[in-house]
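**Student:** Following this note's numbering, the numbering of the sequence shown begins with 1 at its first residue and continues without gaps.
Among the hints, a few may not be true.
To be verified - If you anchor each label on the Cβ, the simulated ranges turn out as follows:
id, residue 1, residue 2, range
1, 18, 41, 17 to 25 Å
2, 39, 16, 12 to 20 Å
3, 43, 4, 28 to 36 Å
Please keep in mind that the hints were generated in silico from the structure rather than gathered at the bench.
Cβ atoms here follow ideal geometry from the backbone N, Cα and C, with glycine treated the same way.
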Amino acid sequence: MPGALEGTIVISLEQAVAAPLATSRLADAGARVIKLERPEGDFARGY
1 MPGALEGTIV
11 ISLEQAVAAP
21 LATSRLADAG
31 ARVIKLERPE
41 GDFARGY
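Construct all of the structure, not just a fragment, from the sequences and the given hints.
**Tutor:** Below is the structure:
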(Lines of atoms letter the chains of each structure in order from A and count residues from 1; the text may use other names and numbers.)
(Lines give C-alpha, C1' and ligand atoms only; values in the text may rest on other atoms or scores of the structure.)
Protein backbone atom coordinates (compact mmCIF):
# COMPACT_ATOMS: atom_id res chain seq x y z
CA MET A 1 0.00 0.00 0.00
CA PRO A 2 1.59 3.31 -1.05
CA GLY A 3 2.01 6.00 1.58
CA ALA A 4 0.36 9.40 1.50
CA LEU A 5 3.66 11.04 0.49
CA GLU A 6 4.61 8.49 -2.19
CA GLY A 7 6.50 10.32 -4.95
CA THR A 8 7.50 13.24 -2.71
CA ILE A 9 11.19 14.09 -2.31
CA VAL A 10 12.34 15.74 0.93
CA ILE A 11 15.74 17.42 1.18
CA SER A 12 16.80 17.22 4.82
CA LEU A 13 19.19 19.84 6.23
CA GLU A 14 18.71 19.13 9.93
CA GLN A 15 21.24 19.19 12.71
CA ALA A 16 19.24 18.51 15.86
CA VAL A 17 17.41 15.68 17.56
CA ALA A 18 13.79 16.53 16.73
CA ALA A 19 14.31 17.08 13.00
CA PRO A 20 15.56 13.53 12.24
CA LEU A 21 12.44 12.18 13.95
CA ALA A 22 10.27 14.37 11.73
CA THR A 23 12.03 13.27 8.53
CA SER A 24 11.76 9.66 9.68
CA ARG A 25 7.99 10.11 9.91
CA LEU A 26 7.93 11.61 6.42
CA ALA A 27 9.84 8.58 5.12
CA ASP A 28 7.41 6.27 6.92
CA ALA A 29 4.61 8.04 5.01
CA GLY A 30 6.30 7.19 1.70
CA ALA A 31 8.52 10.22 1.00
CA ARG A 32 12.03 9.79 -0.33
CA VAL A 33 14.35 11.60 2.11
CA ILE A 34 17.76 12.86 1.01
CA LYS A 35 19.88 14.02 3.94
CA LEU A 36 22.71 16.50 3.38
CA GLU A 37 25.40 16.73 6.05
CA ARG A 38 28.50 18.78 6.77
CA PRO A 39 31.77 17.20 5.56
CA GLU A 40 32.54 16.29 9.21
CA GLY A 41 29.22 14.46 9.50
CA ASP A 42 26.27 15.05 11.80
CA PHE A 43 27.40 15.92 15.35
CA ALA A 44 24.46 13.98 16.81
CA ARG A 45 25.79 10.63 15.53
CA GLY A 46 27.73 10.23 18.78
CA TYR A 47 24.58 10.16 20.92
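**Student:** At the C-beta level, are residue 43 and residue 4 separated by a distance inside 28 to 36 Å?
**Tutor:** holds (32 Å)
**Student:** Is it true that residue 18 and residue 41 lie within 17 to 25 Å of each other by Cβ?
**Tutor:** holds (19 Å)
**Student:** Starting from the hint 12 to 20 Å, judge whether the C-beta atoms of residue 39 and residue 16 obey it.
**Tutor:** holds (19 Å)
In summary, this structure violates none of the numbered hints.
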